[in-house]
Amino acid sequence: MGRFRGVRELLFVVSMAAVASACGTKANPAATCADGTCSDPVFPFCDVDGAVGGTANACIAVTCTVGEVAECRGSAALTCSVGGTSFDEIPCDHGCAPTVGCKACDAGQTVCANGAVSVCDGSGNVASTACALGCFMDQPRCTDIDPSNGLAMYLDMVTNPPDVHIDSTGTVNSDTGELVLTPSQATLMIPSFIAPPSNGGPAIRVYVVRDLVDDTLYLAGSLPVAILASGDITINAPIDSHAGNSVACAGGPGHDAGENPDFSAASGGGGNATSGGAGGGITGDATIAGGAGGAIAGTSDLQPLVGGCDAGSILVFADSSLHYPGSPGGGGLQLSSRTRITVNARIDASGGAGYVTGDQITADTSSLVVSGGGAGGNVLLEAPLIDLNAGANLDARGGSGGQNGAVGFNVGEAGRGSTTATANGIAGGSVVANGNPNISYFGGAGGGGIGRIRINVPNAAVSMQHLPTLVGALSVATLRTR
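Residue 1 is where the sequence shown starts when you use my numbering, and the numbers rise one by one after that.
Any given hint could turn out to be false.
Simulated DEER-style distance windows between Cβ atoms [to be verified]: (1) Pro325 to Arg210: 34 to 40 Å; (2) Leu188 to Pro437: 54 to 60 Å; (3) Glu68 to Gly95: 15 to 21 Å; (4) Gly67 to Gly134: 20 to 26 Å; (5) Ser463 to Ala186: 36 to 42 Å; (6) Pro437 to Val180: 51 to 57 Å.
These aren't lab readings, by the way, just hints derived from the structure by calculation.
Ideal Cβ placement from N, Cα and C applies to all residues, glycine included.
Based on the provided sequences and hints, a complete structural model is requested.
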């Protein structure tokens, strides 16, 4: 019996070995994918060339980040599928680049799609730039702004403009183009041009920058100013815009007798979006008419770009060589950005207040004269995005007329400058000369008319949710593009 048992055990071992040998040579259809498919859901991906797992035609398990590119297979990108457990072969129209996946374009070409311009270098590597205004209709480029007053050519001329970050106080001279910082007296070199007169307006001083961030900026000179930015414009501190005020629609002149005691009729306020107020005259023993108010002038689109009109000057009867200029109007300012304008502070284009002046050497009361107020100026903002925040204050009010407050004089009341888009500057008060030889008589000067504020944005829609302060005749229009 013991011997028989041993024979049986030997036969069992031999039989099991034969079975094991047979299993080792039998194919497992779930382990390979020579036919391109994997049937086991635990191992769903067919690694055809072994680039992922190291063994060609092996079915493997995958853990990947959705959208990740594993490799290129010819002109297709092997991209992690939804769920992150397998890869999909995505055909590429322009070929495949490792780690990048499908190329946006052929090497050396430029395309615009999905609101961005993609530029392919010689190796097919892609650099993309978002388009603030989307892609152009039929060219592989971004839609660009078309700055008002025909200034696009100057924006295009400067391909690498400087960033201008004013961290103190800057003064712009629109006649020379200089921007001088105080207290350092350093001069910033900014590309600038003089755009010739067009549409019956004056020449314009044009500056081209990339990003502009101001602290405090004063604009002076005889030419209106346009600042064109390829990047953002951020107004964090006041801009005092008094460059390019106009005499074309100035108030009428006042007249001074040049005697002691004196008879002086005041000048009229300047006009812009509304008329200036007339200057007060003298009646009674002497009849001297005050200056007329300046007329309405300019256009709502601020083309041409001009400033507000000056008050009338004052002429002296007794000495034709004496001539006192009227108070200036507010300036003309255009800010155009390819991306965004953010206003957090005041842009002051208000008209100059009327004044009373005299001979500073002798203090002779016969040389006292009364000037009207200058009209408010004009401010134009245009960009794909314009943010008028809580501190924003666009001020184009008219200046109030002057009034002689000297003791012992009979004076007319000063006219107020306009602060509404429908009201003219207020006329100055007249006075009646009553025959007293010891009293001088002065009319009150006229107030200036209000200026204009123009905002150009896509769809002609600008948000006022932060309640900015806007003093001017406001108009909003669709941003022009090219």
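Each hint tested on the structure:
| no. | hint | result |
| --- | --- | --- |
| 1 | Pro325 to Arg210: 34 to 40 Å | holds (38 Å) |
| 2 | Leu188 to Pro437: 54 to 60 Å | holds (59 Å) |
| 3 | Glu68 to Gly95: 15 to 21 Å | holds (19 Å) |
| 4 | Gly67 to Gly134: 20 to 26 Å | holds (24 Å) |
| 5 | Ser463 to Ala186: 36 to 42 Å | holds (37 Å) |
| 6 | Pro437 to Val180: 51 to 57 Å | holds (52 Å) |
This entry satisfies every hint, going by the numbered hints stated previously.
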